[in-house]
Amino acid sequence: MTAALRKRGLDWLLNVYGLLALIYLLLPIAVIIVFSFNNPTGRFNFIWQEFSLDAWTHPFAVQGVGDALRTSIEIAALSTLIATALGTLTALALVRYEFKGRSPVNFFIFIPLATPEVVLGAALLSQFLNWGTPALGFTTILIAHVMFNLSFVVITVRSRLIGFDRSLEEAAQDLGATPWQTFRLVTLPLIMPGVLSAALLAFALSIDDFVITNFNSGSTITFPLFIWGAARVAIQPQIYVIATMIFLVTVAAMIVTVWQQRRADRMAAVRPEEPELALEPAPA
Amino acid sequence: MPVRLRKAALPYLLLLPGLGWLLLFFAIPLVYMALESLKTGTIDTGFQLTWEFSNYTNALRDYDEQFVRSFEYAGLATLVALLIGYPLAYVIAFRGGRWRNALLLMVIVPFFVTYLIRTLSWETILSDSGIVVSTLQSIGVVSEGGRLLDTTVSVVAGITYNFLPFMILPLYASLERIDPRMLEAGYDLYGRRRDVFLRVTLPLSMPGVVAGVLLTFIPAAGDFINAQLLGTPKQFMIGNVIQSRYLVVADYPTAAALSFLLMAFMLIIVIIWARIAGTEALLGTEEERA
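For the protein sequence lines, the chains are A and B, in the order given. Mapping to our numbering: the first sequence position 86 is 86, numbers consecutive. Mapping to our numbering: the second sequence position 134 is 134, numbers consecutive.
Next up, chain A with everything else stripped away, as it sits in the complex (with noise of 0.2 Å):
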């Protein structure tokens, strides 16, 4: 009796704990939200004065902010876009084959991860300034951005990779597809929610990159830079709302994703009557 009594407190006490944790882990999120609606006195947003609508419909108002955010989201895609290809492709090797030198490159892959962002950054601006170009800007912060997007894009794309039932290629061949063909249309389809998740991580890391880019960006401003600026001067809730804007969007960007991954799944499980695998007629 006493046992289960005590053995129910114990497990009523772990869920508050866990809900106590959660809370901790979601609060800073709520008050970036609230505070979106005030309207503060001083230079800085950190006293609740009133609830005003101001900076919601003026996001833009602050001298900068929007070019500063055009640039991150510039930035963001064209780092998205490069990492994702060429980690995808880097992925696909070490997965596929067996080749002279894959665990050594598969340790050199984890070793960026693994590195101080603070020394990324210091190292690659060390090599700038020894080239003397490019110039530092919107080009040395991408390069930076596509550096430390490519570990995470190989090892997401990797895990998604490593579960792939390679029969279902080996079928498409047998039917007379082409290597180009099958992967076309076999393959990518098939690692397509491992390759998009991979740019969803890219494209938020990219987007949310703060010391990397004070290293390398020059007189280029991005998003993080602004605010770092910012944060010593003045601190406007327009920050706040595009910061609640950038969380609303990547929430519904990963609920998509989950989604999709989901149904992915589903199709993966019920694979031999899935029409849209079909191959194209195989040429004779």
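By construction, these hints were calculated from the structure, which means they are not laboratory data. Some clues are possibly wrong.
[Unchecked claim] From the derived model, a few chain A residues whose C-beta atoms are all more than 10 Å from chain B:
1. Thr115
2. Ala135
3. Leu175
4. Trp180
[Stated by the list, open to error] For each label pair, taking beta carbons as the anchor points, the in silico distance ranges come out as:
5. B/Asp64 with A/Trp56: 47 to 57 Å
6. B/Ala27 with A/Ala85: 17 to 27 Å
7. B/Asp64 with A/Trp131: 44 to 54 Å
8. A/Trp12 with B/Arg199: 16 to 26 Å
9. B/Arg100 with A/Leu10: 14 to 24 Å
10. B/Trp273 with A/Arg96: 39 to 49 Å
11. B/Arg100 with A/Trp12: 16 to 26 Å
12. A/Asn15 with B/Leu189: 34 to 44 Å
13. B/Ala264 with A/Asp11: 40 to 50 Å
14. A/Thr139 with B/Ala274: 37 to 47 Å
Just so it is clear, CB atoms sit at the ideal spot from N, CA and C, and this is done for glycine as well.
Given chain A, work out where chain B should sit, using these hints.
Frame of chain A; chain B shown alone:
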């Protein structure tokens, strides 16, 4: 024959662009930084490569305080993250039911808000006139006129918060994989709750603990944003020094030497941790990755 040759070359061709990018913009920059760390001079007179190894001993002597503080803060934040993260990961894995994915989404939700803004949000929460400080003052935890912002507490709290998901995700992954029948077997053998946890659940979740500790500790030790925004120069870590030596003072040799020292210390700590935690835990995760 040409077909076989093409087949043999194919993996290397696939690797070339990605690996080339990493060589050019990750590996070679480290070489440049190594050379940079052995130069002497100033930004006005230019830097000459004089193989000045004393840059390292000088950097270590001048900034030993920040090095020690970085590893202290990172260690403390990692420990707190483990204490917060393990029970949460446990609840999600064993009690989450069909809400598991939604709960996991909540764990990574902080990543969807820009890092700097998350940290600014803590500045709002912990600010002198905020509700947390006034509550703690009224119950006497914080003295009248005492503050949380600009203290060790706020910096460590910020670091803990910012890297907490890195701790929870691997913990969850290893806990979720545990076969519930293992636990049932433990209970069937008249194991008490504590025994089952200590002898079955905890050992089986060790790979998650090892990975989570590394994933939290490494970025935490190199961080400078939390110390900058939530602290004062008294809380500055080695990341702050590297950042300002490079970007404010333009003392590249010292900054480069500090970067390598940071990497070296990190490597040593990781190796010691692997020794303590047992290599099989580390190798286990490696195997699962491969």
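Each hint, compared with the structure:
1. Thr115: violated, 7 Å
2. Ala135: holds, 16 Å
3. Leu175: holds, 20 Å
4. Trp180: holds, 12 Å
5. B/Asp64 with A/Trp56: 47 to 57 Å: holds, 49 Å
6. B/Ala27 with A/Ala85: 17 to 27 Å: holds, 21 Å
7. B/Asp64 with A/Trp131: 44 to 54 Å: Violated, at about 33 Å.
8. A/Trp12 with B/Arg199: 16 to 26 Å: At roughly 24 Å between Cβ atoms, B/Arg199 and A/Trp12 fall inside 16 to 26 Å, so the hint holds.
9. B/Arg100 with A/Leu10: 14 to 24 Å: holds, 21 Å
10. B/Trp273 with A/Arg96: 39 to 49 Å: Taking Cβ atoms as reference, B/Trp273 and A/Arg96 lie about 33 Å apart, which means the hint is violated.
11. B/Arg100 with A/Trp12: 16 to 26 Å: At 20 Å between Cβs, range holds.
12. A/Asn15 with B/Leu189: 34 to 44 Å: Cβ of A/Asn15 to Cβ of B/Leu189: about 26 Å, so the range 34 to 44 Å is violated.
13. B/Ala264 with A/Asp11: 40 to 50 Å: holds, 46 Å
14. A/Thr139 with B/Ala274: 37 to 47 Å: Holds - the Cβ-Cβ distance for A/Thr139 and B/Ala274, about 39 Å, lies within 37 to 47 Å.
Hint compliance for this structure: hints 1, 7, 10 and 12 are broken, all remaining hints hold.
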